[in-house]
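Novice: As a plain string of letters, each chain reads:
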Amino acid sequence: MTTMNKTYKKEAKSCPFALRELLWITLVTLGTFLTWQQLGQLMSIYEDGILAGVTIGLITLGYFWPSIKTLTYWVAALTALGIWTYANNGNQYSANETAFFLKFLVSSQSATMWMSTLYVLAMVTYFAALFVKSDYVGKVASALTWSGVAFGLTGMMVRWRESYIINFDYGHIPVSSLYEVFILFTVVTTLIYLYYEQKTKTRALGGFVMLVVSAAVAFLLWYTFDKQANVIQPLVPALKSYWMKIHVPANFIGYGSFSIAAMTGLAYLLTEKLAEKRPNSPLLAKMPTLEAMDDLMYKAISLGFAFFTIATVLGAMWAAEAWGGYWSWDPKETWALIVWLNYAAWLHIRMSKGWRGSSMAWWALVGLIITAFAFLGVNMFLSGLHSYGEL
Amino acid sequence: MSDTDKSPKTSKPLKQKPFFLFLGSMNLAVTLLMMLAIASVIGTVLQQDQNFQDYIIEFGPFWTQVFNTLGLFHVYGAAWFILVLLFLLVSTTTCVSRNGPTFMQDMKQFSEKLSINAYKHQPYSETYTVENFEPEKAALLLKEKGFKTKIYQRNNGITVAGMKGRFNRLGYIFTHASIIIICIGALFDSNLLLKFREMTGGLVAETRAIPVNDIPAKSWLGEDNFSFRGSVNVVEGQKTDVLFLPYERGFLVQKLPFSIEVKEFRIKYYDTGMPKSFESDIVLTAPDLKKPIVKTIRVNQPLYYKNYAIYQSSFGDGGSELSLKVHPLLAPEPKSFTLKTTVDSTEPLKTPLGTFNVEFSSFRMFNIVPSTKEEKAKTGKKVHNNGPSIGFKVRNDQGKAWEYDNFMLPSKQDNRYFFMTGVRDTPTKPFRYLFIPADEKKSNNRFFQFLAVVNNPIKTNKFIREAIPKTDKVDPQVYRLQIRLLNQLLVLFRQKGFEGINEFVEKSVPKAEQKKVRDYYLSQTSTALQILYLGFLKETYGKDYVKNDVISNFDSQWFEDALVVINTIPLYGPPMYFELTGFKQIDSTGLQITKSPGKNIVYLGSTFLIIGVFFLFYLRQKRVWIAYSETDKTLTVAGKDTRDLPETQKEFEQLLNEIKQKL
Ligand code: HEM
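Here the protein sequences come in this chain order: D and S. Residues 1 to 391 in our numbering are what the first sequence spells out, letter by letter. Residues 1001 to 1663 in our numbering are what the second sequence spells out, letter by letter.
Calculated directly from the structure, the hints in this document are not laboratory data. All residues carry an ideal CB built from backbone N, CA and C; glycine is no exception.
Listing some non-contacts, in silico: residues in chain D with all C-beta distances to chain S over 12 Å:
hint, residue
1, LEU22
2, GLY53
3, VAL54
4, VAL75
5, THR85
6, PHE131
7, LEU211
Quick list of in silico lysine-lysine cross-link-like pairs, DSS-like style, CA-CA up to 30 Å:
hint, chain 1, residue 1, chain 2, residue 2
8, S, LYS1650, S, LYS1120
9, D, LYS227, S, LYS1268
10, D, LYS103, S, LYS1376
11, S, LYS1306, D, LYS240
12, S, LYS1164, D, LYS199
13, S, LYS1378, D, LYS227
14, S, LYS1376, S, LYS1268
15, D, LYS103, S, LYS1378
16, D, LYS353, S, LYS1120
17, S, LYS1650, D, LYS286
Could you build the full structure based on these sequences and the hints that come with them?
Specialist: Here is the structure:
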């Protein structure tokens, strides 16, 4: 996975139709075409639209961020291996316990376990990289993170297929239960982080971000082993809608960015403290400047806010179609509004009043608590129409 | 705005009154945003719109009073909450109207006519000497970088002004205008107009549960009503042209300009027993429709008609027809009677114990429960269906009620079949189930026949005397006492079960003797019951176990199971068992119908919001000026960005380098 770690390349722009680009566009288009040919008759017109949107989005993303191409190739290959192995075993779900590749690599359960392991290793390695001289450890950490994402995405794709294998009626995109969205959360958060890592050319924040991701992994494991939440369940009627396919991912880009902002805030506060207490600490040289972290916090919150806005609007539109009203003051809706208002206030204060520094970092951290409550707390403590995951 | 002050003088300074400054101020905006957030938190943490009594139980009278005065039990309708929203609206409007024009102008402004000195005071600027200057070349370079340019010939030189990302400014206007638009749309869909009509006395919410036709005109809304969201239950095969809108503590009736007939309601299930879809076949007829609209609506698939939307929102029983057999539980003869009724009706039953009202509240066609492990291994199914059940309450003349959950078909437990009946006397408790054992024909006949024997003193006496014949060896006095004891123990058992015998011993036997006597009495009761059972089997089924001596497994197991039930009958409430013998299911579907003229306005606002947010965050309005002075042959390169980011300086330096190289 060497290419993944190449830094963000601007030159690609000047020569848009290099061979790599051409290959990329061809392969993605081909993939879409095959999907559509195989499954088109099952898809509604909206789903056709979503597929087209995803294709264009992926091509564009790959163009601006070349590492995505490599990632996509890997995920596609691993997913294909999973689907192919199932097909070779008569499309029996039980093959995930017997077939070698499924059992040890790419059944959704195994892939998710790989993902979890890699994330935690990545976190440890990122932190270790802060204390050693060579760059090599940091590179390993990045590679681990990329591999974790690849397995996470593979797990999701294979799970999607598995839901149809278990029972055709159960089939659904795996973004509908709390277990599934936790995987989505780790993947999205990690990907956004990796983007910033390449763009800002520093790996110092990796450990901090992977801290949140590892916490999510801990939850995921508890949820799997204690509550068997990994079992694929069919969808309740309210969730059977194409809206889910766009509303949920948009939401998680928001949650992921807010998490990154909060962890950057944490790094900011710790660095500031360190600079005060031990101005000569070699760690300081490893950390980005306070100004850079402050800026990253702002960028992450902007990105999160933009997508969270989209998600909330999509959610309102979905609610209008499912429950007959775009706004019902349902706890989940209301908490989405609270999260939104909080970050709107944060952005106003920063943009207009020009506040910077530790107060904003603290606020970003508090923001994560609010966000976490909207994401998890509402399901745990409040009842409402959003009944997709109960603890 | 901090940066508008710094910007070149593009517009007249706005003189404003302090109050307006306050209204449009950032402090107010942030305060309002945070207030809204806190109010929303309260609204989700405190259960809204509950029964007042429940609040008093939870918080005590004092805090309930305080919370109520603050409007915390319906935050989203509280006056102060509306006030915050209004302030938000006013504040945003003030802000947009103040900044909007400036920003619009700023978007077109290249500020190309400023003096060289003014450029030198920009956030980034550098001045250096050059030999000559070709404005076209400079403009071209800027254009290549995506700037729009303007060339201005001053009297002592020339300025090339560049600008890019000017839609950033539009972003500000879009986001803030969108908030206003969304609020207006939401206002359209609010019930403000109804509130006004209520205040002026034209409208009164109905709080009683009475037939539609009896509802007074003051609770009706006509087709002119601007917006609404209400629901109605329609029984299969019936029609509706009205809708009920929840309002305050009652409801209003909305007349619809069309009628909806429900042909059929269906639930489909997954193999886990979870519902897979709820759907209704409906026919919409309207005077101006040539052909009625026929459609199946489902959750997530409403029917849109003009500016109305019709949703599948719930379902219930539409008055299923039930045939019942009522078995008295204390009668000395197995005499049941039949009862025909429907769900949602109440049947008065006169009995020797007084009049009972039986309120039939539900009928369930399927009771799907997870399979046991063995079952799963055998049938491969994850769930099984326990068949139809009814829910009802029996209320005595003092108003006390017992609630029941009775199953029609016997279900299998440990390889035996039982008729399940659940009972509870408080709605908050779970049901306690009695398992009435089925006989060999899987019917409950044997149970009620045997129960009648237990209840019949003549029969019990007869069976006991037959089983324990009088012999010469026994003293007649002792014999009489023994027979009497057995009969009396049976009476105690019938009244309160084994517990009754226990109580009797505790009351009337000295403490030291109690254990011994209790054990003796209990064993005597068992003996008596066995005698009854064997006598009953012989009399009714012609099975003479006295002679054969070996009782079949089924019969002995059945006896044990039956005793468990008879033992608990005293706790079963009024002594009647309602057996469901037949039914005709009639569903009703819950439709939600809305007219939401504000929806599209809200969506428009939302679109503006999204566009605006992206403009704001992802377009940076950047300006550069390349000003040549003929007097001292210098070039001043200046730059300014609406937002000061770390990369701004780098980008400026890069541009500067390029200019130095290429020009
Ligand atoms: C959709 C979310 C919103 C975004 C993204 C947003 C963005 C902004 C931005 C960027 C500015 C500074 C303008 C500039 O420097 O160019 C601003 C100013 C301001 N915004 Fe918002 N805003 C939003 C919602 C609101 C809301 C809901 C209010 C309600 C009160 C509000 C009130 C204000 C006020 C009062 C100012 C200061 C204007 C001045 O003093 O000149 N904004 N907003």
